[in-house]
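Novice: As a plain string of letters, each chain reads:
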Amino acid sequence: MTTDAIFQLGLYLAVLLALAWPLGAYLSRVLQGEAWGPVRLLAPAERLIYRICGIRADEEMNWKNYAIALILFNTLGAVAVYGLQRLQGGLPLNPQNLGAVSPDSAFNTALSFATNTNWQGYGGESTMSYLTQMLALTVQNFLSAATGIAVAIALIRGFARHSFGTIGNFWADLTRCTLYVLLPLSFVLALVQVQQGSIQNLKPYQDAQTLQVTTYQQPKNDAQGNPLKDEKGNPVTEEAKTATQSIAMGPVASQEAIKMIGTNGGGFFNANSAHPYENPTPLTNFLQMLAIFLIPTALCFTFGRIVGDQRQGWAVLAAMTAIFVVMVCVALYAEQQGNPQLTQLGADQIASAVQAGGNMEGKETRFGITASALFAAITTAASCGAVNAMHDSFTPLGGLVPLALIQMGEVVFGGVGSGLYGMLIFAIMAVFISGLMIGRTPEYLGKKIEIFEMKMTALAILVTPILVLVGTAIAVMATAGKAGVANPAAHGFSEILYAFSSAANNNGSAFAGLSANTPFYNVLLGIAVWFGRFAVIVPVLAIAGSLAAKKRLAVTTGTLPTHGPLFVILLIGTVLLVGALNFIPALALGPIIEHLQMLAN
Amino acid sequence: MKNHLRPALMLFGILTLLTGLLYPLAVTGIAQAVFPEQANGSLIVRDGKVVGSALIGQNFTENQYFWGRPSATGPMPNNAANSGGSNLGPTNPALPDAVKERIAALKAAHPAQSGPVPVDLVTASASGLDPQISPAAARYQVERVAQARQLPVEKVLKLVEAHTEGRQWGVFGEARVNVLQLNLALDKLMS
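These protein sequence lines are chains A and B, in that order.
For the first sequence, counting from 1, position 590 maps to 590 in the UniProt record's numbering; every step adds exactly one.
For the second sequence, counting from 1, position 69 maps to 69 in the UniProt record's numbering; every step adds exactly one.
Next comes chain A alone, as it looks inside the complex:
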């Protein structure tokens, strides 16, 4: 790890805090229904939306109604994304004449974008029309993010209120998040992206006349257009020449901005944030990393403000930051060390003033090692899943970091909203464990934690590991599952484990060598993203409803303080313990054994 890497990490965290603090204050105002500051100008639009839709924003819902509205709304979103993909061939804004997406891929993408996962089994520039990118995918980037924030704010209300029957109005929460938070932030980031070089147009792909002729092997197809294969099953190719480079275009910057701010992560292009049009400069890379953690961090402050004790927000943020810093340092170190085999072959992997060095397979020159490893840890600590380097080509330990961060349940900052509500569930778990140790009924923020809350907490914590481990087990036993693997031995197992971890925890990044655009993976991973999202949200809302109805207990000498270092350590311990118990055996079979094999060679 270089001194520059330590400086970059420190700078990142400092700028993040400086931006998230005021945003946290802003969020606590607008999410409580106050149109404040310059966004007052949008208040008439908000009222107009309510009038058209027949929504009475001041009429609150109990948790069951809140959950029904939320699931209904997100199901509608999934149906629309599916429909647009299937019909895009006959719809406008399709200059490349891309045809309908296959039913299984469309199913997977619809569920994945409606759940804030944004797993990509497809390559954007070769699959999706501009209309689909905008009207289906960009929309879900906004709405799934707004859904996550709505659930978090409902849970915060559960803690802040007492003897209350309701937890808010889902329609109003959704509208306010979109209108006052996500749209303005995205608008600003999108324009900065364009200034730096991101494209934003509706033109057909541009042909460039290259400086020299390129000779390459073109796969041969039979009369039906299927690839020809020789007796050994290898594709038959013929030599071809070209002096033209077809350059993909599209409305990239607008989708890029919300992709990061909403911790969505589904790229416009196949290469995601590694593509120079999505992430043209080191500055856009820094801004994208900030955008991923911005709302998750701000929501910690919002939480502290609304429950009336800012130290509670700082405690949660401290636990998240501690885990993050340790994990990111492992990734920075492992990637900068490089691949010992390449040094043996005569490649120079040593960092100097004239090169980044390190493991550069699957990385971009402008980002080098530091900005790639930092991005990888950020995008997986948060449930973003955008990538600016190919995680599949990371060193075994460098690849273990994103995998383990995902498996911790996306609570280290986590997705917008989902990170905070996930971490608060772990906080409930932590006070429960400490309550058992000292023999008192556990309480958190003045609310007694009882049987119902603990049942729901157990459900919310256990759903995703079950989806991950059962899904992985099915895939490694099925022929169709093993067929997708690209890399041999332990790394192939890691590819499958990563896919299910990413899907069930709604991350969306991949060890992308896995050929997951098959009916087998599209269906199985589609199921994982859906239940990984809503089978957690429903218990969280149930807890919110139950807590809101409870009386508030007075603080006594017997109350465990939940704002000090002791609680922070307890919370970190709970997250690590649950993650370790669930996943260490699987990790041992994947990245850990691969690391030992690499050293042995």
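Read the hints as simulated data drawn from the structure, not as lab findings.
Honestly, I wouldn't trust all of these hints.
Claimed, not checked - A few chain B residues that don't get close to chain A, going by computed Cβ distances all over 12 Å:
id, residue
1, 40
2, 109
3, 112
4, 143
5, 151
6, 154
7, 158
8, 162
Claimed, not checked - Now the in silico label distances, taken between C-beta atoms and shown as ranges:
id, chain 1, residue 1, chain 2, residue 2, range
9, A, 309, B, 97, 58 to 68 Å
10, B, 109, A, 577, 49 to 59 Å
11, A, 188, B, 190, 43 to 53 Å
12, A, 213, B, 152, 22 to 32 Å
13, A, 573, B, 30, 47 to 57 Å
14, A, 454, B, 29, 50 to 60 Å
15, A, 75, B, 61, 47 to 57 Å
16, A, 476, B, 97, 55 to 65 Å
Glycine included, C-beta positions come from ideal geometry on N, C-alpha and C.
Got chain A sorted already, so can you dock chain B onto it with the hints?
Specialist: Okay, now just chain B, sitting in the frame of chain A:
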């Protein structure tokens, strides 16, 4: 359930139009008015023809040009309509095989260089479209290009230095050289 249906449908419709049509079109309008060059791909025009983009790497194999990062896109390298990396794992034997072949080819083409090869010249980029190489990788190729173009080494070296970008704002990212722009400058020098 039933009383949720109308707000759900209507709100979904309105927010779809707002975030999926109005927002991207507004960004497009402003981008095209204020930053038209970037918004349309930072394309480079020479003699009235588009010869590439300042942000998209091109395939170079001729001795008279500087070479860029290896590209894993298919079917041809640097396919800007099908981006992506190799996704080769760190212990996959295919990775050292490919690197070995690239190192052998580079050593054969650069007899003036005796040291190890800068790693970015022998590893595939993440996008397959990386427009840049490290200053070390550019320096490695100077003698070959100078010889092929029958230029003094000093002159080519100066050109490389003029095309070397430091860290952005002195802080972010890594130092780098844009290969297409450097090669265009070389062509210009000769004409």
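Novice: For each hint, tell me whether it holds in the structure or not.
Specialist: Now for the hints, and whether the structure bears them out:
With a cut of 12 Å on Cβ distances, residue 40 of chain B falls inside the contact zone with chain A, its closest approach being about 5 Å. No beta-carbon of chain A is positioned within 12 Å of the beta-carbon of residue 109 of chain B; the least distance is around 14 Å. With a closest Cβ-Cβ approach of about 16 Å to chain A, residue 112 of chain B is found to remain outside the 12 Å limit, as its non-interface label requires. For residue 143 of chain B, the non-interface assignment is confirmed: its Cβ lies about 16 Å from the closest Cβ of chain A, beyond the 12 Å cut-off.
With a minimum CB-CB distance of about 17 Å to chain A, residue 151 of chain B clears the 12 Å threshold, and the non-interface call stands. Every CB of chain A is more than 12 Å from the CB of residue 154 of chain B (nearest about 18 Å), matching its label as outside the interface. Separation of residue 158 of chain B from chain A is adequate, the least Cβ-Cβ distance of about 16 Å exceeding the 12 Å criterion. The Cβ of residue 162 of chain B lies farther than 12 Å from every Cβ of chain A, with a closest approach of about 15 Å, so its non-interface assignment holds.
The hint said 58 to 68 Å for the Cβ distance between residue 309 of chain A and residue 97 of chain B, and at roughly 59 Å that hint holds. At roughly 55 Å, the beta-carbon separation of residue 109 of chain B and residue 577 of chain A lies within the given 49 to 59 Å, and the hint holds. Checked against the given bound of 43 to 53 Å, the beta carbons of residue 188 of chain A and residue 190 of chain B, roughly 45 Å apart, stay inside it. Our hint of 22 to 32 Å for residue 213 of chain A and residue 152 of chain B holds, since their Cβ atoms are close to 28 Å apart.
At about 49 Å, the beta-carbon gap between residue 573 of chain A and residue 30 of chain B stays in the expected band of 47 to 57 Å. Residue 454 of chain A and residue 29 of chain B have their C-beta atoms about 53 Å apart, which keeps the hinted 50 to 60 Å range intact. Between residue 75 of chain A and residue 61 of chain B the C-beta distance comes to about 52 Å, which sits within the given range of 47 to 57 Å. Here the CB-CB span from residue 476 of chain A to residue 97 of chain B is close to 26 Å, at odds with the stated 55 to 65 Å.
Of the numbered hints given earlier, the model fails hints 1, 16; all others are met.
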